[in-house]
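Trainee: Sequence:
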Amino acid sequence: MQKKEPRKIDLDIESKFKTIDDYLPKRYTPLVQKKYKELYDEEVSAGNIRQTKYDRTGNMKIIRALYEVAEDSKF
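So the mapping is simple: our numbering equals the position in the sequence shown, first residue as 1, plus 16.
No wet-lab data here; the hints were simulated from the structure.
Computed from a predicted structure; not experimentally measured.
Any given hint could be a false lead.
[What the hints assert, rightly or not] Straight-line C-alpha distance at most 16 Å; calculated EDC-like pairs for lysine to aspartate or glutamate:
| # | residue 1 | residue 2 |
| --- | --- | --- |
| 1 | LYS53 | ASP28 |
| 2 | LYS32 | GLU87 |
| 3 | LYS32 | ASP88 |
| 4 | LYS90 | GLU54 |
| 5 | LYS34 | GLU87 |
| 6 | LYS90 | ASP57 |
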(Lines of atoms letter the chains of each structure in order from A and count residues from 1; the text may use other names and numbers.)
(Lines give C-alpha, C1' and ligand atoms only; values in the text may rest on other atoms or scores of the structure.)
Protein backbone atom coordinates (compact mmCIF):
# COMPACT_ATOMS: atom_id res chain seq x y z
CA MET A 1 0.00 0.00 0.00
CA GLN A 2 1.37 3.38 -0.99
CA LYS A 3 1.80 6.07 1.65
CA LYS A 4 -0.54 9.01 1.25
CA GLU A 5 1.35 12.28 0.80
CA PRO A 6 0.13 15.35 2.69
CA ARG A 7 -1.64 17.91 0.58
CA LYS A 8 -0.13 21.37 0.17
CA ILE A 9 -2.92 22.99 2.19
CA ASP A 10 -2.20 20.63 5.12
CA LEU A 11 1.46 21.64 5.09
CA ASP A 12 0.51 25.31 4.94
CA ILE A 13 -1.73 24.96 8.00
CA GLU A 14 1.05 23.12 9.84
CA SER A 15 3.49 25.95 9.13
CA LYS A 16 0.91 28.52 10.25
CA PHE A 17 0.39 26.69 13.54
CA LYS A 18 4.16 26.49 14.05
CA THR A 19 4.26 30.30 13.88
CA ILE A 20 1.15 30.55 16.09
CA ASP A 21 2.70 28.25 18.71
CA ASP A 22 6.00 30.13 18.70
CA TYR A 23 4.83 33.76 18.67
CA LEU A 24 1.21 34.10 19.81
CA PRO A 25 1.11 36.24 22.99
CA LYS A 26 -0.28 34.79 26.23
CA ARG A 27 -3.37 37.00 26.20
CA TYR A 28 -4.20 36.53 22.57
CA THR A 29 -8.00 36.34 22.38
CA PRO A 30 -8.74 40.12 22.47
CA LEU A 31 -6.04 40.72 19.86
CA VAL A 32 -7.41 37.98 17.61
CA GLN A 33 -10.95 39.30 18.02
CA LYS A 34 -9.77 42.77 16.98
CA LYS A 35 -7.83 41.39 13.98
CA TYR A 36 -10.80 39.24 12.93
CA LYS A 37 -13.08 42.29 13.06
CA GLU A 38 -10.58 44.26 10.91
CA LEU A 39 -10.27 41.48 8.34
CA TYR A 40 -13.87 40.32 8.02
CA ASP A 41 -16.06 43.01 9.66
CA GLU A 42 -17.59 40.26 11.81
CA GLU A 43 -17.33 39.30 15.46
CA VAL A 44 -16.03 36.01 16.80
CA SER A 45 -16.24 34.62 20.34
CA ALA A 46 -13.19 34.00 22.49
CA GLY A 47 -14.38 30.41 22.91
CA ASN A 48 -14.34 29.78 19.16
CA ILE A 49 -10.83 31.24 18.94
CA ARG A 50 -9.51 29.06 21.77
CA GLN A 51 -11.24 25.95 20.37
CA THR A 52 -9.77 26.50 16.89
CA LYS A 53 -6.28 26.98 18.36
CA TYR A 54 -6.64 23.87 20.54
CA ASP A 55 -8.13 21.63 17.81
CA ARG A 56 -5.77 22.96 15.10
CA THR A 57 -8.66 22.75 12.64
CA GLY A 58 -11.82 24.64 11.94
CA ASN A 59 -12.61 28.08 10.68
CA MET A 60 -9.89 29.25 8.27
CA LYS A 61 -10.80 32.86 9.02
CA ILE A 62 -9.93 32.32 12.69
CA ILE A 63 -6.70 30.53 11.75
CA ARG A 64 -5.75 33.48 9.55
CA ALA A 65 -6.45 35.97 12.37
CA LEU A 66 -4.43 33.83 14.83
CA TYR A 67 -1.56 33.68 12.35
CA GLU A 68 -1.57 37.42 11.67
CA VAL A 69 -1.54 38.26 15.39
CA ALA A 70 1.39 35.85 15.84
CA GLU A 71 3.21 37.45 12.88
CA ASP A 72 2.63 40.92 14.37
CA SER A 73 4.06 39.70 17.70
CA LYS A 74 7.32 38.59 16.09
CA PHE A 75 8.54 42.16 15.88
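Trainee: For each hint given before, does the structure comply? Return the numbers of the non-compliant ones in rising order.
Mentor: 1, 4 and 6
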